[in-house]
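Mind docking chain W on chain G? Use the hints.
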Amino acid sequence: GENVEQHPSTLSVQEGDSAVIKCTYSDSASNYFPWYKQELGKGPQLIIDIRSNVGEKKDQRIAVTLNKTAKHFSLHITETQPEDSAVYFCAASYRDSSYKLIFGSGTRLLVRP
Amino acid sequence: NAGVTQTPKFQVLKTGQSMTLQCAQDMNHEYMSWYRQDPGMGLRLIHYSVGAGITDQGEVPNGYNVSRSTTEDFPLRLLSAAPSQTSVYFCASSRGQDTQYFGPGTRLTVL
Chain G
1 GENVEQHPST LSVQEGDSAV IKCTYSDSAS NYFPWYKQEL GKGPQLIIDI
51 RSNVGEKKDQ RIAVTLNKTA KHFSLHITET QPEDSAVYFC AASYRDSSYK
101 LIFGSGTRLL VRP
Chain W
1 NAGVTQTPKF QVLKTGQSMT LQCAQDMNHE YMSWYRQDPG MGLRLIHYSV
51 GAGITDQGEV PNGYNVSRST TEDFPLRLLS AAPSQTSVYF CASSRGQDTQ
101 YFGPGTRLTV L
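Top line first, the protein sequences correspond to chains G and W. Position 98 of the first sequence, counted from 1, bears residue number 98 in my numbering, the numbering being contiguous throughout. Position 66 of the second sequence, counted from 1, bears residue number 66 in my numbering, the numbering being contiguous throughout.
So that you can see chain G by itself, here it is in the shape it has in the complex (with noise of 0.2 Å):
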């Protein structure tokens, strides 16, 4: 089945620089591949995503980039803020649908002012 590994499991950036994170999957067939931020307390919520026929998509401060080849995707926050401190999960569709998702086990950012 798919598992979906993620790194680092937290970091630590100073206000203003960037933060990258980055997932694998084993699943070829997987054409989906959503970021969540789950704040403290709260359900995760939807911040990007990209689906297997695009490279790269970027929304303001937040990108993706995706590898098909090496089966790895990745989230590029820039020009960080304190706001920006959360969890972040990535996830692979789970046989071909996106509503059933394989989670990684996240990656707590915490941004110093």
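Mixed in with the good hints, there may be bad ones.
Pairwise CB distance ranges, derived in the manner of DEER restraints [claimed, not checked]:
#1 Thr86(W) with Arg108(G): 14 to 24 Å
#2 Thr78(G) with Pro83(W): 42 to 52 Å
#3 Thr109(W) with Arg51(G): 32 to 42 Å
Computed, partial: chain W to chain G, Cβ under 8 Å [unchecked claim]:
#4 Gly40
#5 Met41
#6 Gly42
#7 Gly58
#8 Pro61
#9 Gly63
Worth flagging that the hints you see were computed from the coordinates, not collected in a lab. From the three backbone atoms N, C-alpha and C, an ideal C-beta is built for every residue, glycine too.
This is chain W only, laid out in the frame that chain G set:
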């Protein structure tokens, strides 16, 4: 729209007790899912539904039952709670191959 709502927010059970976690959405989404979140393990899919009357198993279905009698509601049942089911449970819904919206979660402790 209220989005995805879950009740209760917190629950403590004794081993062997049963209970139902409620999930409702008012966005007319056909797809609904249940996940559990444990420390260091991300979220794992328990059961999902692609429409009223249709359910299927995810990664970790054992010990849980679901049903989908209406588009809006997707309850998760624990028939005989075990300490291993202590977790935070999230319900999610989506319209087709689109964004999944998550509820606020239910924190369950089984003693």
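Hint numbers contradicted by this structure
8 and 9
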